[in-house]
Each structure stands twice: as C-alpha cells, then as structure tokens.
Amino acid sequence: MSDSLVDVQQVKKHFPIGGNQTLKAVDDISFSIQKGETLGLVGESGSGKSTLGRTIVGLEGATSGSITYKGKDVSTLGRKEARETNRTMQMIFQDPQASLNPRMKVMDIIAEGIDAHGLWKGKKRKERVFQLLERVGLQADHAKRYPHEFSGGQRQRIGIARALAVEPEFIVADEPISALDVSIQAQIVNLMEDLRQDSDLTYLFIAHDLGMVQHISDRIGVMYLGGMMELADSDQLFQETLHPYTQALLSANPVPDPAVTNSRERILLEGDPPSPVNPPSGCRFRTRCPHAMDICSEVVPEWKEQQAGHWVACHLYNE
Amino acid sequence: MERLLEVEDLHVSFKTYGGEVQAVRGVNFHVNKGEVLAIVGESGSGKSVTAKTIMGLLPKKVSRISSGVVTFEEDDLLTYSKKEMQKVKGSKISLISQDPMTSLNPTMKIGHQIDESLKLHTDLSKMERKSRVLELLTLVGIPNVEERYSQYPHELSGGMRQRVLIAVALACEPQLIIADEPTTALDVTIQAQILDLLKDLQQRLDTSILIITHDLGVVAEVAQRVAVMYAGVVVESGSVEEIFANPNHPYTWGLLGSIPKQRQDGARERLIPIEGTPPDLFSPPKGCPFAARCEYAMDICVEKMPDSTYLTTDHASKCWLNDSRAKKPKEVAMAGRSR
Ligand SMILES: Nc1ncnc2c1ncn2[C@@H]1O[C@H](COP(=O)(O)OP(=O)(O)OP(=O)(O)O)[C@@H](O)[C@H]1O
Ligand SMILES: Nc1ncnc2c1ncn2[C@@H]1O[C@H](COP(=O)(O)OP(=O)(O)OP(=O)(O)O)[C@@H](O)[C@H]1O
Ligand SMILES: [Mg+2]
Ligand SMILES: [Mg+2]
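As given, the protein sequences belong to chains D and H, one line each in that order.
Its first residue numbered 1, the first sequence is counted upward by one per residue in this note's numbering.
Its first residue numbered 1, the second sequence is counted upward by one per residue in this note's numbering.
Just so you know, the hints here were simulated from the structure itself, not pulled from any lab data.
Errors might be hidden in some of the hints.
To be verified - Listed next, the in silico EDC-like pairs over lysine to aspartate or glutamate satisfying Cα-Cα at most 16 Å (straight line): (1) Lys15/H <-> Asp141/D; (2) Lys15/H <-> Glu149/D; (3) Lys61/H <-> Glu73/H; (4) Lys144/D <-> Glu20/H; (5) Lys144/D <-> Asp280/H; (6) Lys61/H <-> Asp141/D; (7) Lys60/H <-> Glu149/D.
Unchecked claim - Okay, the calculated beta carbon distance ranges per label pair: (8) Val302/H <-> Gly71/D: 33 to 43 Å; (9) Asp198/D <-> Lys286/H: 37 to 47 Å; (10) Pro102/D <-> Lys286/H: 33 to 43 Å; (11) Gln307/D <-> Thr16/H: 35 to 45 Å; (12) Lys126/D <-> Pro106/H: 27 to 37 Å; (13) Glu295/H <-> Val300/D: 54 to 64 Å; (14) His154/H <-> Ser199/D: 32 to 42 Å.
Glycine residues also receive a C-beta, built at the ideal position from the N, C-alpha and C atoms.
Go ahead and model the full structure; you've got the sequences and the hints to work with.
Laid out in structure tokens, this is it:
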C-alpha cells in the first residue's frame, strides 16, 4: 500500500524468561497503519498490546520481522535519520507514574524532547509548555510542580503533553485516557481529533474501553495471546464481527446504564488464557473457542483479507 | 442499616512550592455494612487524597488534615498511631491504590508480596499460604499462576500488575476494601470478572467496598450508592438508580453527557466535554466551585456555597437551583437532563 505510514511485517517480540524458555509476547503480526488514520488496538490484558506499541516506536528491539516507517526499514536507519524518527514517533505510556521522572519539574519533563532535539529555547520553550498544559486541561502554574504532587489523571495528561511537545507525526497512545474522568476523556479525545485534522497526525490507540475505541478509531485491531485475530473498519468490526474471540470481547462491554446491565447477555469464555510461553498449536484461541474444530489444533489459520479491508485469522472462514 | 465507615467534614491540604493546595474541602459520606459506594468525579477533585487520608497514607511532612473525623468501628481512624493503623491495614481495611507500579515492590517476586500480607495477618503455615496465594492469583484472573508466582512486577502487563494489587488487598478478607480505580488498566472481560469477584465478596462475606472510578459503566454494574466529587467537595450523592435516572447537580449532568453514545448510523459524533477548567485549589472560590463552568449559574452561586438539599432521604445535592427562590428550577433541570 502506497500511503501507509507504518508497515509491520511478521514482527515477533519474545522475552527470555530463564530456563531456556521464551515468553512470546508478540508472535508474528503483520498489518499497516495509514497516514492520518487512528488505528485502535484492543484485546485481553497480557495479549501484547503494549509490547507491540513499544516495539513499533523502537523502545524494544523486535526479535524478528520488519518495521517500515515512511518507506524505510527502521533497523537500517543512519544516526541522523534515527534521531529524526525518534522525534516524529512518540509514545504516551500506560503507567504515567512510572514514566515521569520524580525529580524533575513538570516544565522540564514536558520540555525534555524539545531540549533533546533543540527545538525551542528560553521564552519560546516556556510558552510552548504553557500552551501544551492548557491544551490538556491543566494550568500554566502546574509547570513548577513535581509529578508526585498531581492526581493520577493529571499525571496522565502530563505524559500526553510531553508526547505532543515535539510536534510528532505518529503517536502510540497506550491507554491514554483510562485514568481520566469522562469529561476530561472527551476533552483529550477531541484534542487528539483536532490535532489529527490540523497536523495530519496518525495514532495507534491502545485502549480497553470499547465505546471510546469505536468512537475514535477508523479501524480496530483485536489481539489475543500475542497474535492479531481480526482487523477491520471500526463499524464493520462491531456490526459484522467475524472472529469468535472478538464476539466474546464485545459482549462483555459494560454499558453505563443500570437498566441495560441487568438485561444483556455475556459470552463467557471457558477456561484460562493459555501461557504465552507455550501457546496452543494451530490457532492460539482454540482452547477457549466455542466453535473449535479438529483443524484448529493442527494448522495455524492464515491471516487473510476475508472481505475488502476486513482481515481475520480463523478457520471458520477458510474453505 | 449499620454504618461501617463515616467520613465527616474532612479537610486536607498540601504545602507546595507555589502555596497551599486545598485538595479536600469538607467531604462527607458514609459506607454501610455490605454496601458498595462509588465515588466518581473530576480528575484532581480529591478522590485519591480522601482514600489515602482514610488509610493514613498521606505524606506526613507536606500534608495537613485541618479538620474531620473518619469513624470506623466507632473509632476515629485519624487519631490512630502508625502502629495501630498498621494493624487495621490489610486485615480490616485494605486499599487497592491507583498506581500499581509504585505500590508493588519492584525487587520482590509477586507471589512473595502477597505472601507477606498473609504472614503478617494470619497464622497459616507456609504450605497453606502458598496455596492461598495461588488461589488468590487465580481468583483475580491471572493465568498460569505457578509461572507468574515467581515473576517480578516489570515482567507483567499493566493489567496483571493491577490484579496482583487486588489479590494483595483481598488476601485477608477485610471488612472494607477501598479500591482506587481498580479496573482502569483492565480489558472488559477481566474487568467483568473482577467486578463479579467484588460483588461475590460483598454478598458472601458482607464486605463493604468503597470504589473510586470514573467509569460510569462500572458504577452501574457494582454500586448501590454514588457520591459525586468536584473540587474537593461531594456535590451530589444518592442511590445508583436516582443518580442515573434523576441527576440533580449540573456537574453530574455534564458527566453523564460526556459519555460517547452508541453509534447506530456510523456517524462520528463529537464528544461533549464540560467547557472550562476546574478551579485553582490554591485559592478555591468561596461560592460553588462549579459555578464558573455551569450554564445555569446565578449571582448567588459565585457568592455562597449552597447547603445540601435532600431530594429523597438518601439523595442529596448541593446546588442553588434547588432553592425555592431560584428561577424556574424545573425547566432548567429538564434542559440539563435532555442533553
Ligand atoms: N503530595 C501532593 N502535593 C501537592 N498536591 C497534591 C499532592 N497530592 C495530591 N495533590 C493535589 O490534590 C488534588 C487532589 O488530588 P487527588 O489525587 O485526590 O485527585 P483525584 O480525584 O484522585 O484525581 P484523579 O481522578 O485524576 O486520580 C489535586 O489537585 C492534586 O494536584
Ligand atoms: N520485560 C518483560 N519481560 C518478560 N515478560 C514481559 C516483559 N514485558 C511484557 N512481558 C509479558 O508479555 C506479555 C504481554 O504484555 P503486554 O504488557 O504487552 O500486554 P498488554 O496487552 O499491554 O496488557 P495490558 O492490557 O494488561 O496492559 C505478558 O505476558 C507479559 O507478562
Ligand atoms: Mg499494556
Ligand atoms: Mg486519583
């Protein structure tokens, strides 16, 4: 595809965990992200979403496979190009507390990237930080304070301001709004959408709030135990759900209405998620799949475009 | 109904470089035995500070509790010594804190961290403790427990870390669990499992739960009552049914109005945030803290903080619109609700 900004091909990220074993956090994933789109990423806790995001922005080296950014394989970039790529790709971290240096004032935390890349100095730098604080719903005089003096949601917004500071082109947002109350969520989501329109930003948006993911994403990818199960247009994913795992995931979504909660039906998955150290043979979801067939334990289902733009890895859809 | 925890007129502030932050400014609520109370509200409104105050976890040097009483089993927890509090913590009240990474010890295997709590508060043998730890990890939905038992926090995903904290909190079957955003990092299936687990504890052991969350879906799912906080005060409280069906405070209307609607036609609707920012807690306004952002604000709102109006015996709201002298409160209220 010509207009893809990020192209992920057969990427694996395995962690050695001692005893000659590896934990297969990301296991052979291929997809691409188009310029200017928001790709939502959902899936069970531990399915590898954060690891995939970290690998794409280069915080973890892939065990194998390739990641292409703006047409270039990121592992082959020269120093200067790698630096520029570092600026244009930013990550908003899932755990804001752990990702903010406790000894630095908010001003310097947000300006970290500005300083590293020598973008602005003095008054300009200061103004930029104040402006960013305001955009994420904080106040200019918060710049003088230290991270521990903030609430959980305020810290998360400091992380967002830091990512936006260097005018990135691509942002991996790992649960960027999960610690925020709904009104501020709305404000941040609107900000992300505005930035996307004004500056043509591209997002990989990791979240578990399906209502919000559906709202913000053009397309949504669904992960399970290190693999990508399904990827489609966001409305299509909700309306024509193909993968049995996606079906179960969507059915568990809590709805903010006590009248509805008592009436809807959940598809409960049987059993535990298997270990990512020894994932099941064939399809990794088969041990909990209500539709599992013989072939599912024998053959890894092919990752294929079942309908235009609707990708799925499931034997139910193979001839 | 028997009250297990009661917080009255709590005021907490912090000394900072820029001045004194008045984080909690007269909070009142109670939790009945066997009940789930949800606290919702604006980011920075003092929810976590309230929870930390109850647990005696405020940073001593920079914080000040200028007034308030926290009654638990007829004692005021605020008068407890560190040692007395240590006994209560984990065995009678436990806290699931908002930052899993900082509440877990990074140098200790997660299994051992849960074991610590059992060692401290029970007389189980080593063998019994180990099997109890594995059972707890299973309960909170951590798969492959034998393998996970000996992993370190950084080797777990965000959601697993959060669940380890939940397991620590449940270990000694406390009477009260304070859960500060316990499910924010969890996907919906695990969230459902954790919520079921909390509901089960509540029903089986009559455990009371104070859950802090911004997720109104979670509130609808588990809570019997709700307290809505804004800028350090509880502005509205009542039964879940009342708050969802009959919200009274304009801030509550704003909260309910900010949820993305389920799209039928596929059109991307813009979300409706509450315009403006919360007040500066260095010098909080003397009137209603929400007045500056409230579409319905009147002159009096800026001048004076309203008292609670009881709409039913258990549904209270602090808003001048409920004053009989306010103009057309009904019409205003209807306009708010239809948003
Ligand atoms: N140690 C501290 N020093 C100074 N200010 C603090 C400190 N801890 C909290 N605050 C301030 O107190 C206020 C209330 O914080 P709190 O953590 O209770 O908010 P919260 O309601 O839990 O918000 P969130 O939903 O974002 O977690 C915030 O304005 C915060 O900046
Ligand atoms: N540094 C590490 N060493 C060993 N294992 C790791 C490491 N980082 C992650 N893992 C493992 O990789 C798997 C995927 O973790 P990851 O954090 O990517 O999940 P996630 O989908 O983001 O989950 P969550 O929704 O809970 O945040 C998990 O089994 C986790 O334990
Ligand atoms: Mg994660
Ligand atoms: Mg908090």
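Status of each hint after checking the structure:
no.: 1; hint: Lys15/H <-> Asp141/D; result: holds, 15 Å
no.: 2; hint: Lys15/H <-> Glu149/D; result: holds, 10 Å
no.: 3; hint: Lys61/H <-> Glu73/H; result: violated, 28 Å
no.: 4; hint: Lys144/D <-> Glu20/H; result: holds, 14 Å
no.: 5; hint: Lys144/D <-> Asp280/H; result: holds, 14 Å
no.: 6; hint: Lys61/H <-> Asp141/D; result: violated, 22 Å
no.: 7; hint: Lys60/H <-> Glu149/D; result: holds, 14 Å
no.: 8; hint: Val302/H <-> Gly71/D: 33 to 43 Å; result: violated, 57 Å
no.: 9; hint: Asp198/D <-> Lys286/H: 37 to 47 Å; result: holds, 39 Å
no.: 10; hint: Pro102/D <-> Lys286/H: 33 to 43 Å; result: holds, 34 Å
no.: 11; hint: Gln307/D <-> Thr16/H: 35 to 45 Å; result: violated, 56 Å
no.: 12; hint: Lys126/D <-> Pro106/H: 27 to 37 Å; result: holds, 35 Å
no.: 13; hint: Glu295/H <-> Val300/D: 54 to 64 Å; result: holds, 57 Å
no.: 14; hint: His154/H <-> Ser199/D: 32 to 42 Å; result: holds, 34 Å
This entry does not satisfy hints 3, 6, 8 and 11, going by the numbered hints stated previously.
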